[in-house]
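Read off the chains here:
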Amino acid sequence: MIEVENLTKKYGDRLAVGGVSFSVKKGEVIGFLGPNGAGKSTTLRMLTGYLTPTTGSIRVGGVDAVKDPIGARRFIGYMPESVPLYKEMRVDEYLRYRARLKGVSRVDVGKRVDIALGLANIGDVRYRIIGQLSKGYRSRVGLADAVVADPPLLVLDEPTAGLDPNQIRQVRDLVRGMAGDKTVLLSTHILPEVESTCGRVLIINKGHVVGEGAPGELRIAEQGGQVLVVEARAPRSELEAMLSSVAGVKRIIDSSLAAADREPPVVRVRLGIEGPDVAEAVFAAMAQAGFPLRELRREQTSLEDVFASLTTADAAAVSASDAEPPPSTSAAGVKP
Amino acid sequence: MTAIWTIAKREVFAFFVSPIAYVVLTVWLLFFGVVFCVLAFAFSQQATAETNLLTAFFGGTTLFYLPLLVFAPLMTMRLLAEERSSGTIEALLTAPVSEVSVVLGKYLAALVFWMTLWAPTLSYVWLVARTGENAVDWGAIGATYLGLFGVGSFYMAIGLFMSSIARNQIIAALLTFLALGSLFVIGLLGFLNVSDEMRGFFEYLGLWTQMSAFAKGIVDTRYLVFDASITVLALFLSVRALESNRGMQ
Chain A
1 MIEVENLTKK YGDRLAVGGV SFSVKKGEVI GFLGPNGAGK STTLRMLTGY
51 LTPTTGSIRV GGVDAVKDPI GARRFIGYMP ESVPLYKEMR VDEYLRYRAR
101 LKGVSRVDVG KRVDIALGLA NIGDVRYRII GQLSKGYRSR VGLADAVVAD
151 PPLLVLDEPT AGLDPNQIRQ VRDLVRGMAG DKTVLLSTHI LPEVESTCGR
201 VLIINKGHVV GEGAPGELRI AEQGGQVLVV EARAPRSELE AMLSSVAGVK
251 RIIDSSLAAA DREPPVVRVR LGIEGPDVAE AVFAAMAQAG FPLRELRREQ
301 TSLEDVFASL TTADAAAVSA SDAEPPPSTS AAGVKP
Chain B
1001 MTAIWTIAKR EVFAFFVSPI AYVVLTVWLL FFGVVFCVLA FAFSQQATAE
1051 TNLLTAFFGG TTLFYLPLLV FAPLMTMRLL AEERSSGTIE ALLTAPVSEV
1101 SVVLGKYLAA LVFWMTLWAP TLSYVWLVAR TGENAVDWGA IGATYLGLFG
1151 VGSFYMAIGL FMSSIARNQI IAALLTFLAL GSLFVIGLLG FLNVSDEMRG
1201 FFEYLGLWTQ MSAFAKGIVD TRYLVFDASI TVLALFLSVR ALESNRGMQ
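Listed in order, the protein sequences are those of chains A and B. When we follow the numbering used here, the leftmost residue of the first sequence carries the number 1, and every step to the right adds one. When we follow the numbering used here, the leftmost residue of the second sequence carries the number 1001, and every step to the right adds one.
By construction, these hints were calculated from the structure, which means they are not laboratory data. Bear in mind that the values here come from a model prediction, so they are computed numbers and not experimental data. Don't be surprised by glycine CBs; every beta carbon is placed ideally from N, CA and C. It cannot be assumed that every hint is accurate.
[As the list claims (entries may be wrong)] Beta-carbon label-pair distances, calculated as ranges:
| no. | chain 1 | residue 1 | chain 2 | residue 2 | range |
| --- | --- | --- | --- | --- | --- |
| 1 | A | Lys67 | B | Phe1016 | 36 to 44 Å |
| 2 | A | Thr55 | B | Leu1030 | 52 to 60 Å |
| 3 | B | Ser1244 | A | Gly71 | 17 to 25 Å |
| 4 | B | Val1017 | A | Gly118 | 25 to 33 Å |
| 5 | B | Val1035 | A | Gly118 | 54 to 62 Å |
| 6 | B | Leu1122 | A | Lys10 | 51 to 59 Å |
[Unchecked claim] Below are the DSS-like pairs computed for lysine-lysine, each with C-alpha atoms no more than 30 Å apart in a straight line:
| no. | chain 1 | residue 1 | chain 2 | residue 2 |
| --- | --- | --- | --- | --- |
| 7 | B | Lys1009 | A | Lys111 |
| 8 | A | Lys135 | B | Lys1009 |
| 9 | A | Lys182 | A | Lys67 |
[To be verified] Simulated coverage check for chain B against chain A, where a stretch passes if three residues somewhere in it have a Cβ under 8 Å from a Cβ of chain A:
| no. | region |
| --- | --- |
| 10 | 1083-1089 |
| 11 | 1138-1149 |
| 12 | 1186-1195 |
Same shape as in the complex, but just chain B (with noise of 0.2 Å):
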């Protein structure tokens, strides 16, 4: 247990003395501002009664899911590869503790990167509960939040997995990247013209349909589920690329 916590806190420390938290953050902050004015504007001049600026600010729109596919693959990206192209592992894995409280660590101070990118994002809940005509709906915003670390958890997951089996920074970006896009564009095969059955089976794997229903309120367990499953598979995998590695090199 200490040794998850102590891990935890070194990774999260170096990640915000790294140039890069600071990149990605600001980057972040820029684009979603920017993405929040321009629907603000938007819900200002015709308000519809479908939909609201926060519902449609988190999963309404493309602009929510494109940079979440560049964004997580930065934060994670390092977790592991560069211990490995470092030599750092080395030194790590010689301590006494073992893969699974290296991986749980690593992961651990990968969801703080996560919710620390969100936090933010509550400015905008508190800004429309002030100055918005309508009152704000407390319960979707919590499902709103929960759907978002929902997603972030497995995203964190399967960037971590990433990172440690790739030899550097830049291969884990880029198969964090293309793994997450996969999966997004598996989802977006539901709006094509097909099946129920297969509608109802990219729905499930689509990030698009879960972000969505958790912004109006819907708590679908079986996101969560799916979520879940996702994490827990690929800390899995990430203990084991770990082990393996004692054998290889």
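Isolated chain A (complex conformation) (with noise of 0.2 Å):
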């Protein structure tokens, strides 16, 4: 459905998005995350045509964006950060005009609107000025008139900004229920969003594509493993070296005092392990060397761990060098 290519954007001397490449398949619901200011809006703007590209190629429906842009536009349902909107219109008068200009015939303009105005949950304020609406309803007006044409493909920058929580669900809802038949790509730099509602995630920092994946993949690949946390009652050199021994582990994270002031104090240390019985062995080993367990629970690495050591500390070794992958993230999926 998308392909995009080497896509930059340069204003003047300074580059917003430099060397951008992904493709989205039909069907597929797809994350756009990163930091504000990452390149985000930009590359989404080069995408719906608002923007030229200063260099790079964008097939959109097998269209060339920069060729045929009308072509091309009329494939996408666009609703752009700020949520521009008439606001002196009333939201059914809105909608109809929005879906004129989108191409929709006479005949068809009131159905699609009725349709519209459904998947976005706004019936009850089809007769009201738009001026007079809460950002939540401006919001889903704004999806309204994304949807209005019926596109195969939904542009979404940011469409859960200034939603209550509620609100934020039903939009996530409505973004899952139309996945397989649209192709939806979502920008947004909240995590729980993309992980509940995207099949693949793409995160940009600095106008580079610095991972992407699904969500899951994502996370392994971050922390090359997974993590169990220990907390036990040791003398903490004692525990340590105790639980380096254990078969399956591979080191220890860090570690810290949890209570110092008791004796012997309470310790808790993460572990970065490998293979399916490590929780066993460390127990048995524990119960060995008779140090009381507190706790002992595998960690879920969260996406959120991921976009911040891709977006920060990862981020800057890639922009020093382009070409090599970062050691950290060279596993599934994660690219420069």
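Bring the two chains, given one by one in their own frames, into a single complex with the hints.
Quick look at the structure:
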């Protein structure tokens, strides 16, 4: 549905997007993730034809968006980040206008507007003036505008910004409901949103793609394995020495004193492990040594950690050496 | 085609729900009502053979031209500048419509504003036709409105262009005022003591000579060519301004 190759955008001397390439298949829901100012919006604006790329090619639905921008735009329902709307119009008037502008025939306009109102769940404000609506309603009007002409591709730039938790869930359900039927590209910096809606994530930072893959893949890739948290009452150095000798434990990530005033102290250790039964081995070793075990659990690496590490430390490495992937992220699906 | 019409319709709608439309229309009607009254009194006191009330009203006095320089910018300032300052231009330019359609749609709407402004003056013509002692020269009236349309077409086009390059409405209005004002002043230079060639040049650019000719019933196609050229140039530049927008921002 989308093929982007080596896309760059320069504003004067400043490089906003530097050589972004990715492709999106039909029916995919893909999340575009990055900190503010990473180049997400600029990339989406080039994709939707609002901005012309400095170099690179974009194909939307097989149409070259640089050579035939109008043809490419026909495939896209776009909701810009700021959700610009004509404040003096009523919701119904606005959606009718937008539908006509996007080439919906006069006969179908009423039906399409009804469907869009239903999808965005804003039937109750149909005849209200947009300028008087709350931010939550306005962004859903923007969403209705994106779907009103029934385009095969939806590009949503931060669709849940400014919504309350219930509305966020509604938007997520809406996006998930459209998966398969429509291709959705949504940008966000809210991570749970991506985990719950997107089949694939593209992490972008400082104008470059720094990570790509399914949310689950990215997690494992980041840690290079699983993490086990052990909390026990034992002298710290003895405990560490004992744990590192257990089979399957690769390294001690960190350790800390949870309650130093007690004797022996409560120590919490995070272990990098490999293999299926490491927790059992740790338990057995602890029992043998006679250290009371207070907690033993597997840690879920959050996408948040992945995001933080990809967009802070490693991003510097990426921009420093564009060709080589940074060593810590060279695992599955992560590329510079 | 559909896109042009859709954009024009929305624009006319937006203009007529905005307070500025009613402020402009009200002040306009008041002002020209007073001017018409004053002229009517003057002519009833002292009729002349050279001119008549309607010819004097449409372009015989400065009172006709100066308000145009103020009102035209007010009508065109929001066309594209408001889209830019409120961000709606992003929604407009990512719809599958060409820049040409956007510009033509907006321009069509501006022409509708212009004609709405002048429509009430038809009642003056009707008044004069009913109550005046001499018959109204309908040919001259037709020529007058043709002249008004010609002037309006290039005034609105210049206003649209300024709105396409300005960041906000106020700057758009000021730029339009400056452009139209300069053209008007250049036209006035023809009244100075200059050589005949220079006078011909200034008068060609001048609104005054154009309107006073048309108000007398003289349809001078040179002026219409001038109006059309300025219009096409300004619309072309507006399209280019929108296109360059996609590279900058």
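Outcome of the hint check:
1. For Lys67 of chain A and Phe1016 of chain B, the Cβ-Cβ distance of about 39 Å falls inside the hinted range of 36 to 44 Å, so the restraint holds.
2. Separation of Thr55 of chain A from Leu1030 of chain B is about 57 Å and conforms to the stated range, judged on CB atoms against 52 to 60 Å.
3. The beta-carbon spacing between Ser1244 of chain B and Gly71 of chain A, approximately 21 Å, falls within the hinted interval of 17 to 25 Å.
4. Take Val1017 of chain B and Gly118 of chain A: their Cβ atoms lie about 27 Å apart, and the range 25 to 33 Å holds.
5. Range check, Val1035 of chain B to Gly118 of chain A: about 55 Å between beta-carbon atoms, so the 54 to 62 Å window is met.
6. Between Leu1122 of chain B and Lys10 of chain A the beta carbons are some 55 Å apart, a value that agrees with the proposed interval 51 to 59 Å.
7. In summary, the hint linking Lys1009 of chain B to Lys111 of chain A is supported, as the alpha carbons are separated by about 21 Å, within the 30 Å threshold.
8. Taken as a hint, the Lys135 of chain A and Lys1009 of chain B pair is honoured in the structure, with Cα atoms around 27 Å apart against an allowance of 30 Å.
9. The straight-line distance between the Cα atoms of Lys182 of chain A and Lys67 of chain A is roughly 24 Å, inside the 30 Å bound, and the hint therefore holds.
10. For the region 1083-1089 of chain B, the stated coverage by chain A is satisfied: 4 residues place a CB nearer than 8 Å to a CB of that chain, which reaches the threshold of 3.
11. As drawn, the region 1138-1149 of chain B meets chain A at 0 residues by the rule of a beta-carbon pair under 8 Å; below three, the given contact is violated.
12. Counting residues of the region 1186-1195 of chain B whose C-beta sits closer than 8 Å to any C-beta of chain A gives 0, which falls short of three, so the coverage hint is violated.
Hints 11 and 12 from the earlier list are contradicted by this structure; the remaining hints agree with it.
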